[in-house]
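Asker: What follows is each chain in one-letter form.
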Amino acid sequence: MQRQIQFLSTRTRGVTVVFAVAVACSIMGCQTTGISDASVPPIAAPTTQPAGAPAMNPMNNVAPTMLPSGASAAISDSSVSQVGFTDRVGIGERIAARRGCGACAGCQQSGACQSEMNCGPVPMMPMGRPVDPQEFLCNGGDQAPEAYLITDDTIVGLQAQDAVVHYTTDDGDIEFQASNRVCLYSPRFGSVRQVSGAVAGEKAIGPMNTAQPVGLEGLNFDLPSLITKDIDELGHANVTRRLDAVRDRNRGIPVEQVVEPIIAEDVMQILATLDALSLTRLDDSQIALLQRGNVAARSWMIRDAVEVMIESLLPPTLIRDQSVEALVVYDFPDAGRLEIVKVADKDHAALGEEVQFAIHVRNVGDSDVREVQIADSLVPRLEYVEGSEKSDPSATFETRSNEAGSLRLMWTLDEPLKVGESATIEFRCKVR
Amino acid sequence: MERHPLPTDQGEQPIATAAVAPNQQRLKLAAIFALWLIMILIGCVCFAQDPLPIRNTHPLYHQTLPPGNVWQSPAATAMNQGAFQPVAFYGPKGATFSMPDNGSFAPGEPRLMAGLMVGAVYRFRVTNIPGAIGAELYPTVELIGRLYPPPGLETSFPIPINLSQTDLENALEGNLVTRVVYLEDPQSATPMQKTNDESRPIDIPFGADAMATADSYGRPIAIIRLGSKAPPRQVELQAPFYFGFPTWAPIFQPETVSQ
Numbered sequence: 001m002q003r004q005i006q007f008l009s010t011r012t013r014g015v016t017v018v019f020a021v022a023v024a025c026s027i028m029g030c031q032t033t034g035i036s037d038a039s040v041p042p043i044a045a046p047t048t049q050p051a052g053a054p055a056m057n058p059m060n061n062v063a064p065t066m067l068p069s070g071a072s073a074a075i076s077d078s079s080v081s082q083v084g085f086t087d088r089v090g091i092g093e094r095i096a097a098r099r100g101c102g103a104c105a106g107c108q109q110s111g112a113c114q115s116e117m118n119c120g121p122v123p124m125m126p127m128g129r130p131v132d133p134q135e136f137l138c139n140g141g142d143q144a145p146e147a148y149l150i151t152d153d154t155i156v157g158l159q160a161q162d163a164v165v166h167y168t169t170d171d172g173d174i175e176f177q178a179s180n181r182v183c184l185y186s187p188r189f190g191s192v193r194q195v196s197g198a199v200a201g202e203k204a205i206g207p208m209n210t211a212q213p214v215g216l217e218g219l220n221f222d223l224p225s226l227i228t229k230d231i232d233e234l235g236h237a238n239v240t241r242r243l244d245a246v247r248d249r250n251r252g253i254p255v256e257q258v259v260e261p262i263i264a265e266d267v268m269q270i271l272a273t274l275d276a277l278s279l280t281r282l283d284d285s286q287i288a289l290l291q292r293g294n295v296a297a298r299s300w301m302i303r304d305a306v307e308v309m310i311e312s313l314l315p316p317t318l319i320r321d322q323s324v325e326a327l328v329v330y331d332f333p334d335a336g337r338l339e340i341v342k343v344a345d346k347d348h349a350a351l352g353e354e355v356q357f358a359i360h361v362r363n364v365g366d367s368d369v370r371e372v373q374i375a376d377s378l379v380p381r382l383e384y385v386e387g388s389e390k391s392d393p394s395a396t397f398e399t400r401s402n403e404a405g406s407l408r409l410m411w412t413l414d415e416p417l418k419v420g421e422s423a424t425i426e427f428r429c430k431v432r
Numbered sequence: 001m002e003r004h005p006l007p008t009d010q011g012e013q014p015i016a017t018a019a020v021a022p023n024q025q026r027l028k029l030a031a032i033f034a035l036w037l038i039m040i041l042i043g044c045v046c047f048a049q050d051p052l053p054i055r056n057t058h059p060l061y062h063q064t065l066p067p068g069n070v071w072q073s074p075a076a077t078a079m080n081q082g083a084f085q086p087v088a089f090y091g092p093k094g095a096t097f098s099m100p101d102n103g104s105f106a107p108g109e110p111r112l113m114a115g116l117m118v119g120a121v122y123r124f125r126v127t128n129i130p131g132a133i134g135a136e137l138y139p140t141v142e143l144i145g146r147l148y149p150p151p152g153l154e155t156s157f158p159i160p161i162n163l164s165q166t167d168l169e170n171a172l173e174g175n176l177v178t179r180v181v182y183l184e185d186p187q188s189a190t191p192m193q194k195t196n197d198e199s200r201p202i203d204i205p206f207g208a209d210a211m212a213t214a215d216s217y218g219r220p221i222a223i224i225r226l227g228s229k230a231p232p233r234q235v236e237l238q239a240p241f242y243f244g245f246p247t248w249a250p251i252f253q254p255e256t257v258s259q
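As they're listed, the protein sequences go chains A and B.
Residue numbers for the first sequence follow this note's numbering, beginning at 1 and rising by one.
Residue numbers for the second sequence follow this note's numbering, beginning at 1 and rising by one.
Calculated directly from the structure, the hints in this document are not laboratory data.
Treat the hints loosely; a few may be bogus.
[Said to hold, decoys possible] Straight-line alpha carbon distances no greater than 35 Å define the calculated DSBU-like cross-link-like pairs of lysine-lysine that follow:
id: 1; chain 1: B; residue 1: Lys194; chain 2: B; residue 2: Lys28
id: 2; chain 1: B; residue 1: Lys28; chain 2: A; residue 2: Lys390
id: 3; chain 1: A; residue 1: Lys430; chain 2: B; residue 2: Lys229
id: 4; chain 1: A; residue 1: Lys346; chain 2: B; residue 2: Lys229
id: 5; chain 1: B; residue 1: Lys194; chain 2: A; residue 2: Lys346
[Stated by the list, open to error] Chain A stretches covered by chain B per the calculated footprint, using a threshold of three residues with CB under 8 Å from any CB of chain B:
id: 6; region: 360-371
id: 7; region: 390-396
[As the list claims (entries may be wrong)] Here are a few chain A residues that sit away from chain B, every Cβ distance over 12 Å (derived from the structure):
id: 8; residue: Tyr148
id: 9; residue: Asp170
id: 10; residue: Asp173
id: 11; residue: Cys183
id: 12; residue: Pro187
id: 13; residue: Val192
id: 14; residue: Leu282
id: 15; residue: Gly293
id: 16; residue: Val295
id: 17; residue: Leu314
id: 18; residue: Ala326
id: 19; residue: Glu383
id: 20; residue: Ser401
id: 21; residue: Ala404
id: 22; residue: Lys430
All figures in this text were calculated on a predicted structure; none of them were measured in a lab.
Even glycine gets a Cβ: it sits at the ideal position worked out from N, Cα and C.
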């Protein structure tokens, strides 16, 4: 009985150990799941929208870095998650960063976020008014990868929907500045059609069996071929040479047309003098020579330099560790800096409707800027109305097709933009 | 057990020297078993975080699924089904549409607009089909999503229900035409001029998944099925045929006054 009890106790301990391990693993699994959930962009519960704030078009005429609180509430990720928005433009991250909470993982670990709204569970059905970014037609900003200039003054990294300005400062630096995003409410629909066969009560009845092409089950290569070949060769054949077999004596290359090398050198002959083994093998007779060079290399220092003593005067001592005795700070004026704002004359547009866009660029820096170029790459659903652009001051306008099937509009100001000066560009686009 | 048989012939008096070895062996076995379980559990936890397998079918819809059953799936997320989503019916020139009202139909309108509930299945009537005098069709429309327009623009941007002449002819010939309307992704939209009343669908073969195809182009928002030519004569079958006559909201278009 005692042995059985011992056995039971051993089994009980084993079960206890297994149970403890299972509990630990389940906890570990929860923690791991929690970490993986935290890697998802933070989901924020909708907040109360202030009265008077831009209500439903949160991305309209608002710079990405200047979203009001109402707008951030309107485009909360909880509303976006309902429709499967993958946050291509990083709105959720910006909102989370604005709230001082980079991610829910950071909130939960550090406890920095006092409000549970930022890190609460994901509501499956938000009570606020949701927004689907796919219903909006947005243009502006600079999506990653950011735009930059290459040697032939070509802008690289300007995706469809990006709108940037680049300029050259007094220091010669080329700077880029992205505009804000302008969004129009303009959903467009498509449809997928499928025609099936028999119908009963609108339940499509599919075929019971489909006739799949039946191929060969196998190939037997051992079977004899149907093609027979006579392998008996002729023992003797009298062949008479015909006229066309007569050899042409004029055939061939004349000797004088053969180009011969002027100088023929044997390259390998030079290499034959090299002995690779002799370079890598240290002979005993060379050790003394090597040690001598080693000592010379180590002992040759500055303090061993030649010193001259004249009438018992010591030579001046060279001090290499010098400290800073004075610091002069020169205050240069800041370089020129541009701000760019893009606006539209309406916040919603039906298909086929024309929308007027305006891009306003102003030098808010402390020095002039030159070679100002404004580039706007249109999304595929915006079609530039030919001849509708105008700029003040004058600018050179050119278009180029972009990868989305629309156009890239570019204006290059003819004159430098001085401090405080601004340029306004207007153009019209048709929503398609 | 076979290596260390219990000394049962000596009653319940255990032999201390013989009992030590089996207990140690059992302890070792228990430890090995516990380690084995740890490895299995860790493996389960690790493998449980693998990404979901990629399927070529839509998780909510299959072509053999009857109308209205999309929302019966537990994978379907809850949505605000209480709101009316405006839809607009477009067809070939001359065709008229009408919604059922207590078992009867109002006179057809060529540009019918109505507010439908998300998740419900509505059966409407198509009459005056060009090239088919007297023929009628009773297609169904099922909204599986809605729009989120700014306030005041709900009726300005209805979901277009486009039926082309080919669709109507296919349905009259006894085929089932399934159309999945999707909200186009503006990033990947085709740079073509489009209007709401035009019908330019993407045709897919019978074996393909219409919902999955629409899902790859945008957000599926409505399913239209054409095939029924006449309602049942029995009164008992009318309610199932019309899917219980779900409530819909009429949307009256502004009348144009000519002076």
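Asker: State for each hint whether it applies.
Answerer: Going down the list of hints, with the structure as the test:
1. Between Lys194 (chain B) and Lys28 (chain B) the alpha-carbon distance is near 75 Å, which puts this suggested pair outside the 35 Å criterion.
2. About 87 Å separates the Cα atoms of Lys28 (chain B) and Lys390 (chain A), which puts this hinted pair outside 35 Å; it is violated.
3. Taking the CA atoms of Lys430 (chain A) and Lys229 (chain B), the gap is near 41 Å; set against the 35 Å cutoff, the hint is violated.
4. Proposed proximity of Lys346 (chain A) and Lys229 (chain B) is contradicted: the alpha carbons are some 45 Å apart, above 35 Å.
5. With a CA separation close to 20 Å, the supplied pair Lys194 (chain B) and Lys346 (chain A) stays within the 35 Å bound.
6. Counting residues of the region 360-371 of chain A whose beta carbon lies closer than 8 Å to any beta carbon of chain B gives 0, which falls below the threshold of three, so the coverage claim is violated.
7. Under a criterion of three residues with beta carbons nearer than 8 Å to beta carbons of chain B, the stated coverage of the region 390-396 of chain A fails, only 0 such residues being counted.
8. For Tyr148 (chain A), the shortest C-beta to C-beta distance to chain B comes to about 22 Å, beyond the 12 Å cut-off, and the non-interface label holds.
9. For Asp170 (chain A), the condition that its CB be more than 12 Å from all CB atoms of chain B holds, with the nearest at approximately 39 Å.
10. Every beta carbon of chain B lies more than 12 Å from that of Asp173 (chain A), the smallest distance being close to 32 Å; the non-interface claim holds.
11. Chain B draws Cys183 (chain A) into its interface by the beta-carbon criterion, the shortest separation being 10 Å against a cut-off of 12 Å.
12. Against the 12 Å criterion, Pro187 (chain A) falls within the reach of chain B, whose nearest CB is about 6 Å from its own CB.
13. Distance check on Val192 (chain A): its Cβ comes as close as 5 Å (rounded) to a Cβ of chain B, failing to clear the 12 Å threshold; non-interface status is violated.
14. Consistency note on Leu282 (chain A): stated as away from chain B, and its beta-carbon is indeed over 12 Å from all of that chain's, at 54 Å minimum.
15. With 12 Å as the threshold on Cβ separation, the claim that Gly293 (chain A) sits away from chain B holds: the shortest Cβ distance comes to roughly 59 Å.
16. Non-interface call for Val295 (chain A) relative to chain B: holds, since the shortest CB-CB distance, roughly 60 Å, exceeds 12 Å.
17. The beta carbon of Leu314 (chain A) is kept farther than 12 Å from every beta carbon of chain B, the shortest such distance being approximately 75 Å.
18. For Ala326 (chain A), the shortest C-beta to C-beta distance to chain B comes to about 58 Å, beyond the 12 Å cut-off, and the non-interface label holds.
19. For Glu383 (chain A), the requirement that its beta carbon stay farther than 12 Å from each beta carbon of chain B is not met, with the minimum near 7 Å.
20. Look at Ser401 (chain A): its CB is around 10 Å from the nearest CB on chain B, not clear of 12 Å, so calling it non-interface is violated.
21. The Cβ of Ala404 (chain A) sits about 7 Å from the closest Cβ of chain B, inside the 12 Å cut-off, so the non-interface label is violated.
22. Under the 12 Å C-beta cut-off, the non-interface status given to Lys430 (chain A) relative to chain B is violated; the minimum distance is some 8 Å.
This entry does not satisfy hints 1, 2, 3, 4, 6, 7, 11, 12, 13, 19, 20, 21, 22, going by the numbered hints stated previously.
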